[in-house]
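Visitor: In terms of full-length UniProt numbering, the sequence shown opens at residue 1 and continues consecutively.
Calculated from the structure, these hints are not laboratory results.
All C-beta atoms, glycine included, are put in the ideal place defined by N, C-alpha and C.
Don't take each hint at face value.
To be verified - Cβ-Cβ distance ranges computed for the label pairs, FRET-style:
1. D30 / Q54: 21 to 27 Å
2. E62 / A9: 23 to 29 Å
3. E106 / Q52: 23 to 29 Å
4. C77 / A98: 29 to 35 Å
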Amino acid sequence: MKIGEIAKAAGVTTSRIRFYERQGIIAPADRGANGYRDYPEELVALLRFIEQAQGLGFTLREIASVEIRGGAHIVSCTDALAMLAKKRDTVTALIAEARDRKRRIEALMAELEASKAASGI
Numbered sequence: 001m002k003i004g005e006i007a008k009a010a011g012v013t014t015s016r017i018r019f020y021e022r023q024g025i026i027a028p029a030d031r032g033a034n035g036y037r038d039y040p041e042e043l044v045a046l047l048r049f050i051e052q053a054q055g056l057g058f059t060l061r062e063i064a065s066v067e068i069r070g071g072a073h074i075v076s077c078t079d080a081l082a083m084l085a086k087k088r089d090t091v092t093a094l095i096a097e098a099r100d101r102k103r104r105i106e107a108l109m110a111e112l113e114a115s116k117a118a119s120g121i
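Starting from the given sequences, assemble the full structure and let the hints guide the process.
Guide: Now the structure itself:
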């Protein structure tokens with residue numbers, strides 16, 4: 001498949017595919033005699049996986065560390081569950097930090113409001 005076809009099928013841009021190639025996230029495409037990139041149809045599933053993983057907060061480094069395989073599941077369920085559990089724990093910690101930060105901001109705002117009311121400025 002040509003780069004435009006694979007991009008359309010996977011729902012990504014051609015520049016994103018080229019970027020993934022440069023970063024080593026996907027293997028470089030074979031080139032035809034005309035110099036055009038020729039991608040295997042199986043790449044569509046990998047590109048969709050990469051997009052989904054990024055949407056869940058995984059970095060390209062984390063995605064690149066995953067062992068990709070063929071078949072219906074390009075990542076083993078065991079590996080996927082382990083990665084998702086780790087990411088969930090990270091997100092849980094970030095939420096707790098954000099709640100604490102919000103609480104401290106609101107406390108400071110209340111303190112400043114009280115100070116403003118008391119001083120009239």
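Visitor: Which constraints among the numbered hints does this structure fail? Numbers only, ascending.
Guide: 3
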